[in-house]
Amino acid sequence: MTKTMLSQEDVQLLLTDPSGQVRVETATKIATSYGEGKLTEAERKLAEEIFAVMVQDAEVRVRETLASHLKESLTVPHDVALSLAKDVESVSLPVLRSSEVLTDADLVTIIGNAGSAKQVAVAGRSVVSDQVSSALVESGSEEAVTTLVSNEGAVLSEVTLQKAVDTFGDKEPLQTAMVKRPGLPITVSERLVTLVSEHLRDELVTRQELSSSLATDLLLQTRERATINLSSGSSEDELVNLVHHMNENDRLTASIVLRALCMGDLAFFEAALAELSGVSLKNSRTLIHDPGQLGLKRLYDKAGLPSAQFTAVRAAIDATRETEYDGGENDRERYSRRIIERILTQYGDLGVEFEADDLEYLLNKMSDLPGEYSKDV
Amino acid sequence: MKTCLIVDDSKVIRMVARKILHELDFETDEAVNGKDALEYCTKSLPDAILLDWNMPVMDGMEFLLALRQLPDGEQPVVIFCTTENDMEHIQRAIESGANEYIMKPFDSEIIQAKFTQVGLL
Chain A
1 MTKTMLSQED VQLLLTDPSG QVRVETATKI ATSYGEGKLT EAERKLAEEI
51 FAVMVQDAEV RVRETLASHL KESLTVPHDV ALSLAKDVES VSLPVLRSSE
101 VLTDADLVTI IGNAGSAKQV AVAGRSVVSD QVSSALVESG SEEAVTTLVS
151 NEGAVLSEVT LQKAVDTFGD KEPLQTAMVK RPGLPITVSE RLVTLVSEHL
201 RDELVTRQEL SSSLATDLLL QTRERATINL SSGSSEDELV NLVHHMNEND
251 RLTASIVLRA LCMGDLAFFE AALAELSGVS LKNSRTLIHD PGQLGLKRLY
301 DKAGLPSAQF TAVRAAIDAT RETEYDGGEN DRERYSRRII ERILTQYGDL
351 GVEFEADDLE YLLNKMSDLP GEYSKDV
Chain B
1 MKTCLIVDDS KVIRMVARKI LHELDFETDE AVNGKDALEY CTKSLPDAIL
51 LDWNMPVMDG MEFLLALRQL PDGEQPVVIF CTTENDMEHI QRAIESGANE
101 YIMKPFDSEI IQAKFTQVGL L
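Protein chains in written order, with the working numbering: chain A, 1 to 377; chain B, 1 to 121.
Next comes chain A alone, as it looks inside the complex (with noise of 0.2 Å):
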């Protein structure tokens, strides 16, 4: 028997003093000589059957100090790791926290019937698969929810976070960390931008001496504005599957199809109006670049938006065409503010008109962007 394994000493005072002291001791060598793995086979396995009886110990120090020593284990049995992650929260967390012998399936189970505590320590593992987060996020607190969504370890599919939107949405905490998550699709980085603006229109409404609908126009003109900007360096497939969400949701608006377009976002322009007139996207570039224009008209048409708009939209997109990125830092800014200059020296005389709020969101833009001047400062 190795020197740090129980002498016969040991097992004397064991015998003659079996007190919670002692085993506690007791505990403490076997599981430190079974975590260095210096054991002989015959010792290791003798080492595992004790444990399968620590496991059961009365006394709670004993069983927390087998959690301390045999969370990190590799080898320590399946049943044994178990036992200990569904014991109470003192012995528990350590190894939910840390213990690989534990599976997928002992974790899922685990977070269904477990508190809060349990929860938390499951969802701050340095990896979660993505089944395991979906349970926490199906049956989980709120601060387990806000935890995993904060662990880069954890793996999160879009459903996942979607739900974890649908059930946390609304506090701050969760928001946080959703924004500080690297690689949020773009659809939860949309809904989120709702969910914060909501919350701060409570916040501003409450707190502030703003009545509640101007407090709700200042939002609105800041969440389309923050969602806009979403729209620009998205991939084809995160900006078609941005506008489909946005759509199912009521929130693919006329006024915010039109400002992006007046922003320079031809493909978010692209992309809406193809979602919003159940047109493919390769058919609606074609129609909206149809150098005949009856094309544009159309599919407009057929995506029901306003028609007292439709110069405009025409006179956005030839400004998009006319214009070019001067290359230099900030020219995205630029190029926004250029196309937004063109449109709107065409009101009025050549028949372009907007809407009060997205004719001042315009300026307003205009009056933030840099202008021409800018590129050589």
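Treat the hints with care, since some could be wrong.
According to the in silico footprint, chain B covers these stretches of chain A (three or more CB under 8 Å from chain B) [stated by the list, open to error]:
no.: 1; segment: 172-179
no.: 2; segment: 315-325
no.: 3; segment: 336-342
no.: 4; segment: 358-369
Estimated spans, in silico, between C-beta atoms of each pair [unchecked claim]:
no.: 5; chain 1: B; residue 1: M1; chain 2: A; residue 2: K171; range: 12 to 22 Å
no.: 6; chain 1: A; residue 1: E142; chain 2: B; residue 2: M1; range: 55 to 65 Å
no.: 7; chain 1: B; residue 1: L121; chain 2: A; residue 2: P173; range: 25 to 35 Å
no.: 8; chain 1: B; residue 1: L121; chain 2: A; residue 2: E172; range: 46 to 56 Å
Since the hints were derived computationally from the structure, they do not count as laboratory data.
Glycine residues also receive a C-beta, built at the ideal position from the N, C-alpha and C atoms.
Given the coordinates of chain A, assemble chain B onto it according to the supplied hints.
Leaving out everything else, chain B in the frame of chain A:
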């Protein structure tokens, strides 16, 4: 700081032009038609006038002819804005005393280029 009078019946276009010109370090004033612009110019002549062509009450052409008759009325550099693209129309404006023209729609790059071309920048 140089001054520019923006003459256009569209408030939106005046706002866009004002924003662009301020960024080019111009001080601006505005008039909604040729009549208002002429009244302004009888009191004080700006360095430049950005002039819309089609306006109610007094259009750009009438204003321009009257401006050039004022004492020192030949001094302001007049750049007229038009939606018409036929050469005859543009020729008529130049003969009436316009220094340059820009086509609507315009943007800050076009304004900057034209103002540079006529020596205002």
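Quick rundown of the hints versus the structure:
no. : hint                        : in the structure
1   : 172-179                     : violated (count 0)
2   : 315-325                     : holds (count 3)
3   : 336-342                     : holds (count 4)
4   : 358-369                     : holds (count 4)
5   : M1/B - K171/A: 12 to 22 Å   : 53 Å, violated
6   : E142/A - M1/B: 55 to 65 Å   : 58 Å, holds
7   : L121/B - P173/A: 25 to 35 Å : 53 Å, violated
8   : L121/B - E172/A: 46 to 56 Å : 50 Å, holds
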